[in-house]
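A.B. asks: Here my numbering = 1-based position in the sequence shown + 19.
Read the hints as simulated data drawn from the structure, not as lab findings. Since this is a predicted model, take the numbers as computed values, not measurements. We treat Cβ as the ideally placed atom computed from N, Cα and C, and that holds for glycine. Hints are supplied without guarantee of correctness; some may be wrong.
[What the hints assert, rightly or not] Computed Cβ-Cβ distance ranges for the label pairs, DEER-style:
#1 Arg66 / Gly107: 17 to 25 Å
#2 Pro82 / Ser21: 41 to 49 Å
#3 Ala179 / Asp225: 17 to 25 Å
[To be verified] Straight-line Cα separation of at most 30 Å, DSSO-like style, residue types lysine-lysine; simulated pairs:
#4 Lys89 / Lys176
#5 Lys138 / Lys176
#6 Lys138 / Lys53
#7 Lys148 / Lys177
#8 Lys212 / Lys197
#9 Lys212 / Lys37
#10 Lys37 / Lys53
#11 Lys138 / Lys212
#12 Lys212 / Lys194
#13 Lys138 / Lys177
#14 Lys148 / Lys194
#15 Lys37 / Lys176
#16 Lys194 / Lys176
#17 Lys148 / Lys37
#18 Lys89 / Lys212
#19 Lys138 / Lys148
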Amino acid sequence: MSQAVIFDMDGTLFQTEKILELALEDTFQLMRSKGEWEGTTPIEQYREIMGVPLPEVWDTLLPAHSDELKRVVDAYFLERLVENIHAGSGALYPGVEDAMEFLVENQFSIYIASNGLRKYLHAIVQHYKLDRWVTETFSIEQIASPHKSDLVCEILKKHAITSGAVVGDRLSDIKAAKENALLAIGCHFDFAKEEEMVQADFVVYDLRDVKQVLFETMSIETR
20 MSQAVIFDMD GTLFQTEKIL ELALEDTFQL MRSKGEWEGT TPIEQYREIM GVPLPEVWDT
80 LLPAHSDELK RVVDAYFLER LVENIHAGSG ALYPGVEDAM EFLVENQFSI YIASNGLRKY
140 LHAIVQHYKL DRWVTETFSI EQIASPHKSD LVCEILKKHA ITSGAVVGDR LSDIKAAKEN
200 ALLAIGCHFD FAKEEEMVQA DFVVYDLRDV KQVLFETMSI ETR
């Protein structure tokens, strides 16, 4: 039997807020310089929708702007995020290495399923050497659907996974688990919402707690 744990990236493994505000401020400063924006950067509005695909972000934050401008903004925002990652401005959440080592030791395969773009995800994986543990990282860009449930389904099919869990901080992660008959582990971290977390099978406040959840549900030994 092939068991796997599929992690979300933003707000689950990676502390996105450490680079988010920097990149978003730079992006809206660019718009101000072009005469396309007045006022402050809508960081709180973005926090409310954190985790959705970027096209949806710009449709929400810039509903009256042209598709062409949204493409320019999207490319610039991605560029600033990646530069901040390589500059070391971000950070993994505490317990990532401990949780990953435990999973590998107990013969779980590890995957990442994210609404982030491939270039952005690759920058994080490369900078923090996550491929020491992660078998493969999947971006929503790789499938035609905008739904994380379909992305998780793709992972299960490609790697012949028969059981496991999805670990994430948003409702899309919880739905992705349940719609694919996997355990839903909610991470009550920075962007998590109480009304979404209650729909998870288990909720953790530290990634190291994933070990105990798997011990209780999948009959493996804790260390």
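A.B. asks: List, from low to high, the hint numbers that the structure doesn't satisfy.
C.D. replies: 3, 4 and 15
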